[in-house]
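A.B. asks: Chains A and B are the protein sequences, given in the same order. Using the working numbering, the first residue of the first sequence is number 1, and each one after it goes up by one. Using the working numbering, the first residue of the second sequence is number 1, and each one after it goes up by one.
Treat the hints with care, since some could be wrong.
Remember, identical chains collapse to one label, so a pair may be satisfied in a single copy or spanning two.
Think about it this way: if two alpha-carbon atoms lie no more than 25 Å apart in a straight line, the pair counts; the simulated PhoX-like pairs of lysine-lysine are [claimed, not checked]:
| id | residue 1 | residue 2 |
| --- | --- | --- |
| 1 | K346 | K786 |
| 2 | K196 | K297 |
| 3 | K325 | K654 |
| 4 | K654 | K585 |
| 5 | K396 | K88 |
If you're looking for bench data, these hints aren't it; they were derived computationally from the structure. Computed from a predicted structure; not experimentally measured.
Number of protein chains: 2
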Amino acid sequence: MKLPISLSGGITSLLLIGSLAGDVLANKLDKSAQAVRQKNRGRKALMRSLESRSNQHPSSHWGHGKPPHGPPAPTCEDTPPQEIDAPKENVWYGLTDDETAAVAKWLFGRPELNLTTSENAGEWDNTIALIELQRPNKTETLDYLDGSGPVPTRYAHVRLNNRATVDAHYADILVGPLPITGNATWEPLEFPYTRKSQGRVRNVEPDDETMYSEWLFKISASIADITLDLWNGTALGLENDTLDVWGIDPLWQEDGRIIRWDMFWNMATGESDSGTLLPLGLYFKSDVTGRDPAQWKVLGWLYNDIFYETTEEFREAYWSPGFVKLGANVDGPWARVGQQGPVLPKDTKQPPLSVAPDGARYSVDTERKYVSWMDFSFYISFNRDTGLSLFDIKYKGQRVLYELGLQEALAHYAANDPVQSSVAYLDSYYGFGPYAFELLKGYDCPSYASYLNTSFYKSEETHTHVDSLCLFEFDADYPAARHSTSDFVAVTKNVYFTLRTVSTIGNYDYMFSYNFHMDGTIGVEVRASGYIQSAYYANNQDFGYQIHDSLSGSMHDHVLNFKADFDILGTDNTVELTSVVPVEKTFSWNGNKTRNTMQLERKMIESEDDSRLNWSFNGQTQIHIVNQDEKNKYGENRGYRILPSSGTAHLTVKNSTNLANAAHWAEYDVQVTQQHDYEPFAAHPYNSQDVHDPPVDFEQFFNGESLNQTDLVVWLNLGMHHVPHTGDLPNTVFTTAHSGVQFMPLNYLLGDASRQTVNMVRVDYFNGSATAVETFGQSDETCGVKLSPIEDELWAYQGDVIVRKFPYDPNDPFYET
Amino acid sequence: MKLPISLSGGITSLLLIGSLAGDVLANKLDKSAQAVRQKNRGRKALMRSLESRSNQHPSSHWGHGKPPHGPPAPTCEDTPPQEIDAPKENVWYGLTDDETAAVAKWLFGRPELNLTTSENAGEWDNTIALIELQRPNKTETLDYLDGSGPVPTRYAHVRLNNRATVDAHYADILVGPLPITGNATWEPLEFPYTRKSQGRVRNVEPDDETMYSEWLFKISASIADITLDLWNGTALGLENDTLDVWGIDPLWQEDGRIIRWDMFWNMATGESDSGTLLPLGLYFKSDVTGRDPAQWKVLGWLYNDIFYETTEEFREAYWSPGFVKLGANVDGPWARVGQQGPVLPKDTKQPPLSVAPDGARYSVDTERKYVSWMDFSFYISFNRDTGLSLFDIKYKGQRVLYELGLQEALAHYAANDPVQSSVAYLDSYYGFGPYAFELLKGYDCPSYASYLNTSFYKSEETHTHVDSLCLFEFDADYPAARHSTSDFVAVTKNVYFTLRTVSTIGNYDYMFSYNFHMDGTIGVEVRASGYIQSAYYANNQDFGYQIHDSLSGSMHDHVLNFKADFDILGTDNTVELTSVVPVEKTFSWNGNKTRNTMQLERKMIESEDDSRLNWSFNGQTQIHIVNQDEKNKYGENRGYRILPSSGTAHLTVKNSTNLANAAHWAEYDVQVTQQHDYEPFAAHPYNSQDVHDPPVDFEQFFNGESLNQTDLVVWLNLGMHHVPHTGDLPNTVFTTAHSGVQFMPLNYLLGDASRQTVNMVRVDYFNGSATAVETFGQSDETCGVKLSPIEDELWAYQGDVIVRKFPYDPNDPFYET
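Okay, chain A solo, but in the shape it has when bound (with noise of 0.2 Å):
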């Protein structure tokens, strides 16, 4: 199947213009870096400090030549990995500079968008919000891949924000074909979405900046005696503010309206992020319905669990005698990351670590995003809605899977109160890619790791996170596998590959990793840590513990969906769910007495109709993905299994009210779809605009399509009940907060392929001595690893580096790092 898609209509002039941006950058650029230090509005503030940090010009420190990237060289050999020619190009890895570049030119140049600069537009002006690679369409890919099909015609996927109107939306467009010649046009982007909306979807808090000057820090100043006397402080858009205001994502869209609960928090006093810890408790309704301030109403206000209906009730209560004020969350130590407490013993000895003696024992295309590790290779892509996604990975030369990555991320809250109670977060919203930052060597990685650059397109820029994704071998605390006997050990160490990137949504930090294994294993891997979204502490009781002083941690569930379109030696797959099953049997040994015992049962998904899954009691039951013509020698089916590799979850929520049609993927574990190019992603970035009937409604996927030996993508949770408990505090911890899935071979060799690694030894032994000692012709090489303080590389850390993209010049010398 061809994109279904037909550019020879629309619009075809083109409009070269040059400089519509003017040099207006980067005024304010103290104030800027100010906010973000103080305020925390969790995830509600990150479209904020991401725009005040594309006013920042990047500094000479850097801004000559390439930055440094990867760690310094130890002694021993530490070589980087082989750079090689990728077999193909990578059709899904991104946009080249150029091309984003003649995008935006010609964007600017079709006067029916009616496009402002980024830097130019107000509220009520057309912008570009993303300019990136429309991914090629699977079957397309396929033929070139593997056949002699072409490289896919590219196209670009541009998102506006057309704000210009009334009716304020979003407009998802395709560009191209690329480069931009005169055959250029557009057309809307339509077919990828279950809602056949010309690709629009509505804009429900178009007016962000109206809606703190004219609105909610009006509110705010309505009742500062209140704040005044309560927290000693205001919320009035000011430099001195000590007092925030932000509340619920998604708004509430009810019967036409667009409704909107927002609380107050105190600001952190540290520097330390730490604002969604500090809740003060008061809560405000609005209806905010339409783009006229004028329009807004003020529809309540919440305190002590106790509803006023005006501004004036609250307030004649509010200084009423007997009325119960609450205590305040204040920031302080408790509060911020840092070394706290007394030093535990030996500590200040330096701990173990890993090195990497002979250097990186793996391959890149780095300008193709093309990796080989042993006997698995593939392509990375990146994009900003959802950040990291492997395509094509192949192990063995043969694909096992085509696409494997994150669609979505729902942080959904419950509470007492109305703005936990509200927030479901569904994170692609704010962008994965745009918060994959430079990763911190040694830390986030081992020193020895190599890394790549990610990128991300925001206001008529490329920002680059340099060494955004890490790679790296690592040999496990266990090994692979062993036997001993009283003759004889043999050990296999346990060296295995990561692709690692971290996501910081506003509070949450999140760690994915692909890890590859040399018995054919793949997995992924999500941590979570970072500040938690708290609670007000005040009749919360039934949704989470009490942590400090008027603090609750507010219970909620992560759910991530990751897409993994498994090709199991071709498109034509099956589910097979092959259970335990305890059994009360007759034997033909046995008479006609019964046993209880146990047996396999096999079943076969036959449509989309069943293949809605849950993890089984017990987990009795194993999902595999099988391909039923490609059968090994003993007729078994060859395929992969897919199985959790620690805790996962699926939403407790039942029909949720915040998020009704918006996420319908997060309510099983497991579920799997027939392969369509116009299915290629779970969610969209905007179905919180719109959760009554979203841009991507998952749930209609299920049309009791054939699974039957088809090409088949599965749909996985990972996820969490969390429910914060004080060593959550400051920051949620790894060790616990961690969920992962492994595919692993399952009859699809004839052995485990972990033995063909060297790294492996048997020793012999008899009468209290070894007799043997083989070592398989691993490395024998002795070398010395110079360890030194990893402090001096983390004075090179650098966070971002941006290219201007319109107007554009190559020759600038922030072009390309």
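Chain A is fixed; fit chain B onto it per the hints.
C.D. replies: Then chain B, alone, in the frame of chain A:
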């Protein structure tokens, strides 16, 4: 409560006997070594292989002085763990050599016991199966640990193998007090077992040698024509046998009869212990009730799922036209350990590894087996039945667990053939202690780990496995916690501490790891490798995959029970269940509209009537052990949460025919009982000898006792449902054969304790470069680690060291290793 036994009665006369043992050792050394190499009767072979090993004199290679200990010193400063003095005696560890020798001598002086030394004993003699420390009762020990109580009086737990009678039986007795003086007495040890039978349990396999020489080999000989025709081999008990015969465990115990099923196996021809992969598909049933082989009866034969009632009937059918002959499983490279297949790209380069540049950061009292790391400390205990246990685990000076250790491991098979269908190994029968072999440095544990020895009693000798417990710190491949913003990034290293042992019970290698984390979390992990026990693949498709020529990956459940005797701030604890549940709910701020959301439900388990638990659907119910009398300053109960960290399993089979009442502990995931000194173990190693009325019937622990603020014991099951596939050949891999739980502080402290470590950094950045790097006082030393090939060290592998206990000579060169 004191030890509820009386030592005032019993035997008081002492008969001090000199050398009862001759020097009739080591006369069949060559043959036995040969047998061990060639034969693998799975667990069934274990007793024999140890027997043969105990006849081997230690060679002079290590006989002179202490064996080498620990890894060689690299550069930097590879300091060993600091030697410290434990605050208390390790009252759980074991008997001293002197104590064991004294007890042995004393026992041989008791005419009423009618004991014969192992070397001189035949099948109709009474022998000493075990001399170990009787661990003191908890109640008494707490007085010693926490108060002014004396060191608990020491007693020896002795297990007699009384075969000088038609009614062969094992007898547990207590001997003491120690040291042995004129006041020493013995008496039946009955109080720790639910069955009150004077500590006795029948021995259903007392005649192992006769069973082979007079029964199995003769039956095999009776159809030598067929075995030669089918497999060109015989099993006659001769040097040149190429076939082996072994069968079920436990034996069938029905209507007063003892029935066994045995089958033919090819012997391994390589030196890889692959016998359990070579079943041949011919089975025979015999009634072996009683000790007179003349009364034993062949009850039938099974081949290709056709049952023949007599040998004659089988032979007649076999030699009839049209008899279907099935293929054999034959040893070969597919079944052998060692490197196989093409060498992978760059695999001959040295892979990454972990190093400890500044040496050990923990402390050990080597003699008392006491370990201290950061804010954790514990004592190590080790015994024959279950191997490693930890006692008095303290965190920040407070006991968290009084006891933590393995209780039993079940491997319950299912198949269409009578042997695999009837196998349900209860591995403490074989014992985890004797099979905790020396660990392979750099492979089983990091190269810098430190080690402790373990010992076990066998046939009047103490065997020592040097370096069979390892201790190490490890820096995980992921941090403990992190947070990023647009201004800073802060990341904490995740350095944890591990105590590990591996026990290889016949074909299977169980790796047990106890992990301690900076945030106060304790992890218990088991991984399984080694050889599967396979089934013959004929008519067996409902019980496993075909994985080789005529081979079934015989399905089985692994269930491993651990005792976790929690003491959270004292012994008065309660089980709290906190569930995340979906609710439809109204709120004060939402009029009469309901919202679909979720909330917490907290419930205390009142009694043992409700304390047999399974991990809940979607992980929505958390299990906590809390102390309701010890609330934190916010009023929350301080406690620990128990959570699965990777897959767990309980037994699939309901009311197992094989097990009857022998393993009711395997039926749930988490079970909680009131602690009693008389319920110290979930199982007895000889439960397999009387499955209907076993010495310890775990179900009887549940008798409705209160669990409300009382001393609790949690019995946890780890495990997996194992349906072996081709990837289990030759050995199962640890990558996915993994089960674990974690104990995580829950509202236990007021914040995350990992904030105490100095091994964290914070980098502030602005405008593309770092502005501050804080390293919190961590070590900034520069040093070089010299890496050398591991091979030299591997040549130091010893196996084990034997100390003779009777007759006993402390001046013997083998004394004390």
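A.B. asks: Taking the earlier hints as the rules, which of them does this structure contradict?
C.D. replies: 2, 3
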